[in-house]
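Residue numbers (our numbering), protein chains in the order written: chain A, 1 to 288; chain B, 1 to 245.
Since the hints were made in silico from the structure, they are not lab data.
Some clues are possibly wrong.
Said to hold, decoys possible - Going by beta-carbon spacing under 8 Å, a handful of chain A positions derived as facing chain B:
{"id": "1", "residue": "L61"}
{"id": "2", "residue": "D65"}
{"id": "3", "residue": "E93"}
{"id": "4", "residue": "D97"}
{"id": "5", "residue": "I108"}
{"id": "6", "residue": "H113"}
{"id": "7", "residue": "V220"}
As the list claims (entries may be wrong) - With a cut-off of at most 25 Å between alpha-carbon atoms, the simulated DSS-like pairs for lysine-lysine come out as follows:
{"id": "8", "chain 1": "A", "residue 1": "K70", "chain 2": "A", "residue 2": "K37"}
{"id": "9", "chain 1": "B", "residue 1": "K86", "chain 2": "A", "residue 2": "K63"}
{"id": "10", "chain 1": "A", "residue 1": "K216", "chain 2": "A", "residue 2": "K260"}
{"id": "11", "chain 1": "B", "residue 1": "K211", "chain 2": "B", "residue 2": "K194"}
{"id": "12", "chain 1": "B", "residue 1": "K160", "chain 2": "A", "residue 2": "K63"}
{"id": "13", "chain 1": "A", "residue 1": "K121", "chain 2": "A", "residue 2": "K135"}
{"id": "14", "chain 1": "A", "residue 1": "K114", "chain 2": "B", "residue 2": "K211"}
{"id": "15", "chain 1": "A", "residue 1": "K189", "chain 2": "A", "residue 2": "K70"}
{"id": "16", "chain 1": "B", "residue 1": "K211", "chain 2": "B", "residue 2": "K129"}
{"id": "17", "chain 1": "A", "residue 1": "K70", "chain 2": "A", "residue 2": "K281"}
{"id": "18", "chain 1": "B", "residue 1": "K17", "chain 2": "A", "residue 2": "K85"}
{"id": "19", "chain 1": "A", "residue 1": "K210", "chain 2": "A", "residue 2": "K188"}
{"id": "20", "chain 1": "A", "residue 1": "K135", "chain 2": "B", "residue 2": "K194"}
{"id": "21", "chain 1": "A", "residue 1": "K216", "chain 2": "A", "residue 2": "K24"}
{"id": "22", "chain 1": "B", "residue 1": "K129", "chain 2": "A", "residue 2": "K23"}
{"id": "23", "chain 1": "A", "residue 1": "K135", "chain 2": "B", "residue 2": "K129"}
{"id": "24", "chain 1": "A", "residue 1": "K189", "chain 2": "A", "residue 2": "K37"}
{"id": "25", "chain 1": "A", "residue 1": "K134", "chain 2": "B", "residue 2": "K86"}
{"id": "26", "chain 1": "A", "residue 1": "K134", "chain 2": "B", "residue 2": "K17"}
{"id": "27", "chain 1": "A", "residue 1": "K210", "chain 2": "A", "residue 2": "K186"}
{"id": "28", "chain 1": "A", "residue 1": "K24", "chain 2": "B", "residue 2": "K194"}
{"id": "29", "chain 1": "B", "residue 1": "K194", "chain 2": "B", "residue 2": "K86"}
{"id": "30", "chain 1": "A", "residue 1": "K216", "chain 2": "A", "residue 2": "K70"}
{"id": "31", "chain 1": "A", "residue 1": "K210", "chain 2": "A", "residue 2": "K114"}
{"id": "32", "chain 1": "B", "residue 1": "K129", "chain 2": "B", "residue 2": "K17"}
{"id": "33", "chain 1": "A", "residue 1": "K124", "chain 2": "A", "residue 2": "K134"}
From the three backbone atoms N, C-alpha and C, an ideal C-beta is built for every residue, glycine too.
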Amino acid sequence: MTMDNDNAISIVGLTKTYGNDSKKVIALNDINLDVEKGTVFGLLGPNGAGKTTMIKILTTLSKPDKGTCKVGGFDVVSNPLMVKKMIGVVPQENNLDRELTAYQNMLIYGMLHKVTDLDTKISKLLQLVGLDDKKNTVVSHFSGGMQRRLLIARALLSDPSLLFLDEPTIGLDPQIRRQFWDIIRKIKKDGSTVILTTHYIEEAEALCDKVGILSKGRLVAVDTPNNLKILVGQYVVNVIDSDGRLTQYMFKTKEEAQAKALEFSDGVTIRRSNLEDVFVKLTGERIE
Amino acid sequence: MNWYPIFYREMILFSRKLLRFGYLFSALVVPVIYLITFGLGLGRNVQIEGMDYITFLIPGLIAMSSMNNSYTWVASALNLNRIYFKTFQVFVQAPISPCSIMIGKVFAGVVKGLFASFLIIIVGLILSKQPFITPLSIVALFLNCFMFSSLGVIVGMVTKTHEDTSTYNNFLIMPMAFFSGTFFPIDRMPLLLKSVIYVFPLTHTNILIRKSSFDMEAFISLFVIVSFATVFFLIGSRLIRNYSE
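Start from the sequences and build out the full structure, keeping to the hints where you can.
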């Protein structure tokens, strides 16, 4: 693992456990990872894989047991203040002040991060996420989707060079989700780095330059979505037998897939593989 | 030091609470009940330390009320915001020092404690014929709020569930409220109990708040309160610094 200036994030030997000796849970096990600056990096994994723990450590909310993590070249344990100056976070769990209005939530966050020209930025961002007409509404009156949109707007307020998004689009309808994708693309274009965890495979494929696959606290693969698909096979033969059971075969070339399909009389389809297939192949689990 | 956003947030939430009838009522009702049952019940004819009982009682109730309000609001809100609402995490992830978080929380607790005290002072001014507020009482009141807000941060940080905060209330705050010279002079307590009572920080607030001049006893109590406040503040700051999920 290198720790050069091109990396927004450098992780070496990261380990985190919870619980005591009699009931120890290994949340992260010897993780090594570099994330290049200006890229969108996706963390894929089922619930309990360690995605949120990793985000918490990188955003200084949790301390590692072993290993080192550098964000923007600064160690998260020895220099957390410098890390905090660079990051924006959309957490998995809603941490908005429910008793405050959307504007007040943004205002306090902006004051904490010493954002200049705060009123203008708040207006722009609330407009961006379609909440400008609700700025004086108390957050407890917002729907789940509206609260997620406000979380996204709040995280962007300090113009972070590193944006951490932990399941950012849960509860958003497809149209808003696609608008959110456009926002992420723009952030990337402006030079920021984005770390994203998601359950939505199409989201990871649409946005991520590289994907890391986490399973039971271990990082089992890191590469571009395309390379991962090449690694496990770009073509999938789905066979549904007379009892309705699905069997999948993965092949590197279309010709191989077609040859396999000919072995079955009916219930056979051939399709391109996706990151879900990669995940299943590498971990034996499904992303749920 | 960028403590102001945290203080400001607390003040917005506090001003919302003030608009609700329930808050003012709850801040007033317990001390007023004590005032009526003990004060009027024992009557104006009982003399303690050269003053009528109501004039003796009111400063004690002010100290108790400032303790309850500054401690409870900080401990309870911090615990809820950390465990359930997760809003505390926004402060931890912000580029501000743990000390700034501590100052913001403690100053907010001081304001809440002073406000509750102010309500009792108004009631006291109506009921008491003798003056009970001195410059030393104001100093004692401010330090008391600071000390118990800091303690509130400690309890809010260490409790694992919201129910745990009531355990601390029952075993720490409640005995202090009754045994620290709020209702009766400490001199009348048994010797063994007296030595325990002098360890309670509220005891020294009660001594200082009733002082009209700065004598040796006032100096010792001031020293004890400042020491407790400093230690609680440092422990609270350290707990915030070491916070990890």
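**Q.** Earlier hints that do not hold, by number
**A.** 2, 7, 10, 14, 17, 18, 20, 22, 23, 28, 29, 31 and 32
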